[in-house]
Amino acid sequence: MKTLTQAIIFVALVVFAVACGSSVDKKAELAKLKKQHDELAVKIKKLESELQIGDSATKSKVTTVSVTEAKPQEFNHYLEVQGKVDGEDNIAVSAQMAGAITAVFVKEGDAVRKGQTLAQIDNSVMQQQIASTKQQLEFATNLYNKQKALWDKQIGSEVQYLTAKNNKENLEKALATLNDQLEMTRIKSPINGSVEEVNLKVGQMASPGLPAVRVVNFSTVKVVAEIAEAYAPKIKPGNKVIVFFPDFNTEVNSTIRFTSKYINPVNRTFVSEVRLGPSNVQYRANMMAVVRINDYHNPSAFTIPVTLVRETSEGKYIYVAKQENGKLVARRLPVTVGSTYNGLAEITAGITAGDKIITTGFNSLIDGELIQAN
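Its first residue numbered 3, the sequence shown is counted upward by one per residue in this note's numbering.
Note that these hints are calculated values from the structure, not bench results. A few of these clues could be false.
Stated by the list, open to error - Taking lysine-lysine and the DSS-like style, the derived pairs with C-alpha atoms no more than 30 Å apart in a straight line are:
1. Lys150 / Lys136
2. Lys318 / Lys329
3. Lys318 / Lys45
4. Lys34 / Lys45
5. Lys318 / Lys73
6. Lys109 / Lys86
7. Lys236 / Lys86
8. Lys155 / Lys167
9. Lys86 / Lys263
10. Lys224 / Lys116
11. Lys86 / Lys116
12. Lys236 / Lys318
13. Lys324 / Lys86
14. Lys109 / Lys203
15. Lys150 / Lys175
To be verified - Restraint ranges, calculated between C-beta atoms of paired labels, are given here:
16. Ala113 / Thr309: 42 to 48 Å
17. Ser159 / Thr104: 46 to 52 Å
18. Thr350 / Glu31: 36 to 42 Å
19. Pro74 / Ala375: 17 to 23 Å
20. Asn266 / Lys318: 36 to 42 Å
21. Ala113 / Leu212: 22 to 28 Å
22. Asn288 / Ala234: 22 to 28 Å
23. Glu82 / Asn181: 52 to 58 Å
24. Met290 / Asp369: 47 to 53 Å
25. Glu313 / Glu71: 21 to 27 Å
26. Thr179 / Val273: 39 to 45 Å
27. Lys318 / Ser68: 16 to 22 Å
28. Asn266 / Ala105: 17 to 23 Å
29. Pro74 / Ala113: 52 to 58 Å
Built from N, CA and C at the ideal position, the CB exists for glycine as well.
Required output: the full structure, derived from the provided sequences and hints.
Rendered as structure tokens:
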């Protein structure tokens, strides 16, 4: 009795383990079976054909397919990268000397001219120095003129004349230097353009190197993109480019104007620039864009949807329709695939003009099977 009880418990445990195991990773098993389904269907069909089994209906069955005639056409491959819009002149203007801001003369959106004063740094101390220097220069000039008049009449010593002349010239140079420094207290626009940012307020301290006002000139617009080092041999000035603006759903055709000779050691990329022509897009600095660079072009290529290409351990192939003994049959055609882009594959070998490529109904076909083209 004890042995029987132990046997029952053992059987129950086995059943429980099997039940648990069957529920584990069912999705993976289903995916595996689906993956094998097409291959098994083809093998079964082939074996049935070879062994001549099945009823007469099966033997006389003809698979309906769609075909298209192979014709050479243009094929383009594009490298897609992300870029950003920038003006040819996009400058963050900073102060040339440190000091407190006493006035700001512009605001965002203002149009400015080259050399126009955007803001003023406190120059009161410098103004006092200039006034003092001017007074000293006036005195030195009068003294020099008198010494010169005497020297011209051979009165007085040459040393007195040269000393007066030297004092006058030194004060003139000092005044010129102070005037140059006075100009440096004015933050000026280096270009014609529009004010995009004003980072200054009255009373705030300005410092050299810190952005004070951003001035942008969008008369000439460009897109800047960083491209991986691996594409350096293919990307060069003159390459055709399609710039796509997702926010506007608009494309602009252009060409690459410039490619950098410098590789960024941090992210291993180089910079390329594309000039933009007129369009319906209202360009803005740092606007994002998709840059599609035409890095490969074949004016006469055979192209087919990538989904038509099948693959085995022997290589890649497609199905074509051929007339044999008055009947239309499906035949495997080995092919060599070149570049692929946007769902299309370039066939570099295997296809010839006029081949009837099967485009639908090919999933369960076997080589030599009777077909009917609709």
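Distance restraint hint 52 to 58 Å, applied to the beta-carbon atoms of Pro74 and Ala113: For Ala113 against Pro74, whose Cβ atoms are near 54 Å apart, the range 52 to 58 Å holds.
Beta-carbon spacing of Ala113 to Leu212 - inside the hinted bounds 22 to 28 Å or not: Distance hint for Ala113, Leu212 holds at roughly 24 Å.
Range agreement (Cβ of Glu71 with Cβ of Glu313, hint 21 to 27 Å): holds (24 Å)
Agreement of Lys34 and Lys45 with the hint, judged by alpha carbon distance not exceeding 30 Å: With Cα atoms ~17 Å apart, Lys34 and Lys45 stay inside 30 Å; holds.
Hinted pair Lys236 and Lys86, Cα distance within 30 Å: holds (21 Å)
Glu82 paired with Asn181, Cβ distance criterion 52 to 58 Å: Since Glu82 and Asn181 have Cβ atoms about 55 Å apart, the given range 52 to 58 Å holds.
Cβ separation of Lys318 and Ser68, checked against the hinted range 16 to 22 Å: holds (21 Å)
CB-CB spacing for Thr309 and Ala113 relative to the 42 to 48 Å hint: Once the Cβ atoms are compared, 55 Å apart, the range 42 to 48 Å for Thr309 and Ala113 is violated.
Proposed proximity, Lys175 with Lys150 (alpha carbon, max 30 Å): Given pair Lys150, Lys175 holds - Cα atoms ~20 Å apart, limit 30 Å.
39 to 45 Å as the expected CB spacing between Val273 and Thr179, which holds or is violated: With Cβ atoms ~40 Å apart, the hint holds.
30 Å Cα cutoff - pair Lys86, Lys116: holds (26 Å)
Given hint Lys86 paired with Lys324 - CA-CA distance at most 30 Å: Distance ~52 Å between Lys324 and Lys86 Cα, so the pair is violated.
Hints 13, 16, 28 from the earlier list are contradicted by this structure; the remaining hints agree with it.
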